[in-house]
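Residue 2 is where the sequence shown starts when you use the working numbering, and the numbers rise one by one after that.
Hints listed in this document are in silico derivations from the structure and should not be mistaken for laboratory results. Careful: at least some of the hints might be erroneous.
To be verified - Here are the simulated lysine to aspartate or glutamate pairs, DMTMM-like style, with alpha carbons at most 20 Å apart:
hint : residue 1 : residue 2
1    : K36       : D5
2    : K128      : E103
3    : K76       : E141
4    : K36       : D7
5    : K36       : E25
6    : K11       : D28
7    : K36       : D17
8    : K114      : E88
9    : K128      : E148
10   : K11       : E27
11   : K76       : E139
12   : K36       : E18
13   : K102      : E148
14   : K128      : D105
15   : K36       : D20
16   : K76       : D105
17   : K36       : E14
18   : K76       : E148
19   : K76       : D134
20   : K11       : E23
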Amino acid sequence: MRVDTDLVRKLAEMLDENDLSEIEVEDNGRRIVVKRKLSGAPAAYAPPPPPAASAAPPPPAAPDQPPAAHPGAVKSPMVGTVYLSAEPGAAPFMSIGASVKEGDTLLIIEAMKVMNPIAAPRSGVVKQILVQDAQPVEYEQPLAIIE
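Please put together the full structure from these sequences, using the hints given.
Here's what the structure looks like:
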């Protein structure tokens with residue numbers, strides 16, 4: 002079998018000109034594959050940097066049960082931004098250890114520029130606050146634990 006060196010040279014030039022790593026040509030039952038040896042590993046995309054840590058991490062959940070499964074979990078009814086007080090600098094609606102009555106406002110969730118008060122679904126004592134002021138929240142995300 003005779004190799005057409007001119008064709009191989011032209012294919013190699015095409016690799017360089019078009020920044021390809023491999024080219025394959027098939028003609029009259031003959032198949033020619035030309036591969037270019039890369040000088041190093043192919044460029045890899047670096048993962049995005051992790052988000053900056055917030056000033057204060059949320060309080061830890063009870064070790065025996067995840068917050069979402071807790072029977073006293075108050076979950077977000079919508080996606081939005083949570084606010085723990087009526088306005089910046091004001092006292093928060095709830096605090097850990099405080100007693101709340103059914104219907105008391107626990108926090109506010111802003112969704113589409115509308116402030117939505119979130120009421121206590123039952124009377125009890127606030128055991129945990131699982132969100133921070135001005136934190137984005139998802140639908141069904143646990144916000145607090147009331148026992």
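Given the hint that K36 pairs with D17, does the C-alpha gap stay at or below 20 Å? holds, 11 Å
Satisfaction of hint between E148 and K76, Cα-Cα up to 20 Å: Holds. K76 to E148 sits at ~14 Å (cutoff 20 Å).
Sort out whether E14 lies within 20 Å of K36, counting only the CA atoms. Given pair K36, E14 holds - Cα atoms ~11 Å apart, limit 20 Å.
Holds or violated: K76 and E141, Cα atoms, limit 20 Å. The given pair, whose Cα atoms are some 5 Å apart, holds under the 20 Å limit.
Within 20 Å, alpha carbon to alpha carbon, are K76 and D105? holds, 15 Å
Are the Cα positions of K11 and E23 separated by 20 Å at most? Holds: K11 and E23 sit about 13 Å apart, inside 20 Å.
K114 and E88 were given as a pair; does the straight-line alpha-carbon distance stay at or below 20 Å? holds, 14 Å
Taking 20 Å as the top limit, are the C-alpha atoms of K128 and E148 close enough? holds, 7 Å
Decide if the proposed pair is consistent with the structure: K128 and E103, CA atoms, cutoff 20 Å inclusive. With a Cα-Cα distance of about 15 Å, the restraint between K128 and E103 holds, given a limit of 20 Å.
20 Å Cα cutoff - pair K36, E18: holds, 14 Å
Are the Cα atoms of K36 and D20 separated by 20 Å or less? holds, 12 Å
Can you confirm whether the C-alpha distance between K76 and D134 stays at or below 20 Å? holds, 16 Å
Violated hints: none; the structure is consistent with every hint.
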